[in-house]
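Below are the chains, spelled out letter by letter.
Number of protein chains: 2
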Amino acid sequence: MLEDKDQERTSIEKLGEFGLIEHLTKDFKIEQKSTIKGIGDDATVLDFKDKKAVISTDLLIEGVHFDLSYMPLKHLGYKAVMVNLSDIYAMNATATQITISIAVSNRFPLEALEELYAGVAMACKTYNVDLVGGDTTSSKTGLMISVTAIGEANEVNIAYRSGAKPNDLLVVSGDLGAAYMGLQVLEREKEVFKVNPNSQPDLEPYSYLVERQLKPEARKDIIELLKKLDVHPTSMIDISDGLSSEILHLSKSSRLGIDLYEDKIPLDPTVIAACEEFKMDSTLIALSGGEDYELLFTLDQKEFPKIKGNPNLTVVGHTTGKDEDAFLISRNNTKIPLTAQGWNSFT
Amino acid sequence: MLEDKDQERTSIEKLGEFGLIEHLTKDFKIEQKSTIKGIGDDATVLDFKDKKAVISTDLLIEGVHFDLSYMPLKHLGYKAVMVNLSDIYAMNATATQITISIAVSNRFPLEALEELYAGVAMACKTYNVDLVGGDTTSSKTGLMISVTAIGEANEVNIAYRSGAKPNDLLVVSGDLGAAYMGLQVLEREKEVFKVNPNSQPDLEPYSYLVERQLKPEARKDIIELLKKLDVHPTSMIDISDGLSSEILHLSKSSRLGIDLYEDKIPLDPTVIAACEEFKMDSTLIALSGGEDYELLFTLDQKEFPKIKGNPNLTVVGHTTGKDEDAFLISRNNTKIPLTAQGWNSFT
Chain C
1 MLEDKDQERT SIEKLGEFGL IEHLTKDFKI EQKSTIKGIG DDATVLDFKD
51 KKAVISTDLL IEGVHFDLSY MPLKHLGYKA VMVNLSDIYA MNATATQITI
101 SIAVSNRFPL EALEELYAGV AMACKTYNVD LVGGDTTSSK TGLMISVTAI
151 GEANEVNIAY RSGAKPNDLL VVSGDLGAAY MGLQVLEREK EVFKVNPNSQ
201 PDLEPYSYLV ERQLKPEARK DIIELLKKLD VHPTSMIDIS DGLSSEILHL
251 SKSSRLGIDL YEDKIPLDPT VIAACEEFKM DSTLIALSGG EDYELLFTLD
301 QKEFPKIKGN PNLTVVGHTT GKDEDAFLIS RNNTKIPLTA QGWNSFT
Chain G
1 MLEDKDQERT SIEKLGEFGL IEHLTKDFKI EQKSTIKGIG DDATVLDFKD
51 KKAVISTDLL IEGVHFDLSY MPLKHLGYKA VMVNLSDIYA MNATATQITI
101 SIAVSNRFPL EALEELYAGV AMACKTYNVD LVGGDTTSSK TGLMISVTAI
151 GEANEVNIAY RSGAKPNDLL VVSGDLGAAY MGLQVLEREK EVFKVNPNSQ
201 PDLEPYSYLV ERQLKPEARK DIIELLKKLD VHPTSMIDIS DGLSSEILHL
251 SKSSRLGIDL YEDKIPLDPT VIAACEEFKM DSTLIALSGG EDYELLFTLD
301 QKEFPKIKGN PNLTVVGHTT GKDEDAFLIS RNNTKIPLTA QGWNSFT
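Protein chains in written order, with the working numbering: chain C, 1 to 347; chain G, 1 to 347.
Please note: incorrect hints may appear among the correct ones.
For identical chains, the list gives no copy identity; a pair is met inside one copy or between any two copies.
[Unchecked claim] In silico lysine-lysine, DSBU-like type, Cα no more than 30 Å apart, as pairs:
| # | residue 1 | residue 2 |
| --- | --- | --- |
| 1 | LYS49 | LYS220 |
| 2 | LYS165 | LYS29 |
| 3 | LYS220 | LYS252 |
| 4 | LYS302 | LYS49 |
| 5 | LYS252 | LYS33 |
| 6 | LYS252 | LYS125 |
| 7 | LYS215 | LYS302 |
| 8 | LYS322 | LYS26 |
| 9 | LYS29 | LYS322 |
| 10 | LYS264 | LYS190 |
| 11 | LYS279 | LYS215 |
| 12 | LYS194 | LYS74 |
Hints in this document: simulated from the structure, not taken from any laboratory.
Computed from a predicted model, the values in this text were never measured in an experiment.
All chains, full assembly: derive it from the sequences and hints.
Have a look at this one:
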């Protein structure tokens with residue numbers, strides 16, 4: 001996409017570092033009462049009053065976390081924000097601000113960065129978070145994005161990974177595996193395109209999968225739903241590396257065993273269909289696929305009536321006893337130890 | 001340094017992402033009362049009570065911001081923290097926490113990252129800040145470091161760039177230009193080494209310059225000194241891109257003119273000597289060299305008796321009238337408009 005010679009190309013060098021930041025951030029508005037001072041000083045000043053501040057940070061590296069041959073820059077900007085907001089929601093907190101730092105090589109014209117920031121702006125507007133700072137620099141190769149998300153929460157509401165109790169319900173939002181299958185579809189189309197650059201991919205049957213990969217949404221709505229339902233998760237984590245890896249995190253942090261029931265894992269019909277087409281096991285994809293950005297949490301059993309039948313929430317298992325292990329209970333009732341096969345950038 | 005084949009080399013891949021973070025951060029201690037939850041959850045939880053939170057972030061890219069052929073990794077870790085703490089102190093705030101994210105290519109063994117984190121640990125200990133989070137990932141090429149620094153301040157004490165009043169004094173801490181001249185010395189030695197790998201550089205005469213480049217210190221001591229002296233800066237900024245660029249920031253943000261007196265600029269004798277040796281103009285180096293990490297602030301004239309004669313602080317000029325420009329008043333009393341020739345990674 002960046003190779004389209006018809007596009008207008010303005011060199012970043014002309015603007016310089018400060019000019020670039022000013023240009024890219026001039027249309028961002030401050031909406032949060034807690035933002036005292038945003039962009040334009042040595043540091044941002046925030047006021048959380050009697051609430052706790054919640055902070056999370058992530059690095060996204062070209063060629064490792066994203067491939068610009070099928071990831072439009074606007075989507076990338078949006079996704080970079082989502083990945084971080086998801087971590088804030090996973091604390092049962094409200095996201096309020098972000099900082100975004102980018103390093104770009106000179107193969108990116110200004111117009112490319114404008115696209116990226118358009119995605120960031122859309123994410124900020126949709127999720128009601130303020131862009132309050134960051135850094136912009138050159139890189140020798142490729143594009144790197146570092147986002148820090150900031151949120152606020154009343155102390156009693158914060159859901160740590162470590163708070164699960166024995167015999168709590170294990171609940172997951174939405175459905176799993178779609179983002180990974182979307183990636184498979186996109187990778188396949190990329191290979192087809194390499195062989196025949198005139199091929200017109202028909203992604204229509206895979207639109208849900210592709211959208212989950214290219215434009216994931218952080219589950220702010222689930223945090224609001226839990227509040228509305230007066231439900232209090234005892235522990236929570238977001239599913240970025242696959243269900244298996246996240247269950248192991250909750251199990252380890254809470255020092256409890258967890259049983260996950262294979263037949264309860266929520267799968268969209270298009271995920272099941274794509275798994276059949278790609279000859280992949282849908283359970284394995286849900287366990288290890290990653291990038292779903294759904295929320296996984298534990299709940300006291302007496303809260304079950306509040307969530308029963310809610311289409312956004314699925315009970316997939318329960319915690320067991322102190323210092324026990326995490327298991328998958330398969331459809332044929334076999335108990336299989338869960339292992340972390342989640343996504344790891346180093347392997 | 002990384003090419004030393006005698007060193008023990010452990011592949012990062014063996015540890016995986018979570019194992020790596022655990023390994024690198026296991027010896028870090030939490031000292032700040034405001035740190036409720038550090039590393040090990042989706043996000044960090046902090047409690048600033050009635051104080052404001054102050055947040056700053058910076059990206060450091062190999063080949064752009066640092067050169068590993070003369071920058072030891074331990075120093076790099078230390079400097080990455082300093083660069084960010086300096087921004088917090090420039091708000092007249094106390095630094096309390098940092099997050100550090102790194103992206104590394106597989107040419108770096110675990111031992112290299114241990115060195116880097118040893119520098120981070122030393123910085124955290126010396127400056128009393130907690131490491132509370134971050135991200136660790138692979139990169140296609142080189143090393144990238146993203147640091148977010150967090151601090152706290154009472155609202156009345158925060159010094160913005162925009163607070164200067166007409167006829168305030170302009171004050172700078174320490175001395176300027178040494179870090180840039182240190183870089184010149186190191187670059188020269190690198191060229192000598194390329195021609196003759198057996199040459200033994202004698203850096204002893206340049207030790208102050210080289211140390212200012214490789215191991216800068218953020219001026220926490222100056223913030224503490226100002227508090228002790230009961231001095232209240234009306235505006236403040238840290239000198240990372242050179243005195244000229246920072247004066248222009250203060251001038252623009254405060255919408256005031258500023259006169260800087262060339263003969264007042266504090267220069268260490270070794271900077272003057274090195275400038276003569278390298279045939280460079282010491283004023284230009286102080287104005288545009290960068291990486292000094294000193295503090296530049298404005299002060300009501302009636303506070304002058306409190307700082308008079310203090311060896312750490314030098315009055316270098318004063319603000320002028322509303323919406324006027326910034327000038328250098330040269331030794332021969334010529335008024336020269338200041339221009340931002342500070343360091344810019346894009347040029």
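* Between copies, within a copy, both or neither: which fits LYS252 and LYS33 at Cα up to 30 Å? -> between (37 Å within a copy, 26 Å between copies)
* Asked: Is it within, between, both, or neither for LYS279 and LYS215, if the alpha carbons may be no more than 30 Å apart?
  -> within (25 Å within a copy, 55 Å between copies)
* To do: Using 30 Å as the alpha carbon limit, work out where LYS215 and LYS302 are close: within a copy, between copies, both or neither.
  => neither (35 Å within a copy, 57 Å between copies)
* Asked: Quick one: LYS29 to LYS322, C-alpha cut-off 30 Å, is that within a copy, between copies, both, or neither?
  -> between (48 Å within a copy, 27 Å between copies)
* Asked: Between copies, within a copy, both or neither: which fits LYS165 and LYS29 at Cα up to 30 Å?
  -> Only across copies: LYS165 and LYS29 sit 27 Å apart there, 42 Å inside one copy, limit 30 Å.
* To do: Up to 30 Å between alpha-carbons, please classify LYS49 paired with LYS220: within, between, both or neither.
  => both (22 Å within a copy, 25 Å between copies)
* Asked: Which holds for LYS322 with LYS26 at a C-alpha limit of 30 Å: within a copy, between copies, both or neither?
  -> between (53 Å within a copy, 24 Å between copies)
* **Within, between, both or neither: LYS264, LYS190 at alpha-carbon 30 Å** => neither (34 Å within a copy, 62 Å between copies)
* Asked: Are the CA atoms of LYS252 and LYS125 at most 30 Å apart within a copy, between copies, both, or neither?
  -> between (36 Å within a copy, 29 Å between copies)
* Pop the pair LYS220 and LYS252 into one bin, within, between, both or neither, using alpha-carbon distances up to 30 Å. => within (26 Å within a copy, 39 Å between copies)
* Give the relationship of LYS302 and LYS49 under a CA distance limit of 30 Å: within one copy only, between copies only, both, or neither. => Neither: 33 Å inside a chain and 34 Å across chains, both beyond 30 Å.
* Alpha-carbon proximity context of LYS194 and LYS74, limit 30 Å -> This pair counts as within: shortest intra-copy Cα distance 23 Å, inter-copy 44 Å.
Of the numbered hints given earlier, the model fails hints 4, 7 and 10; all others are met.
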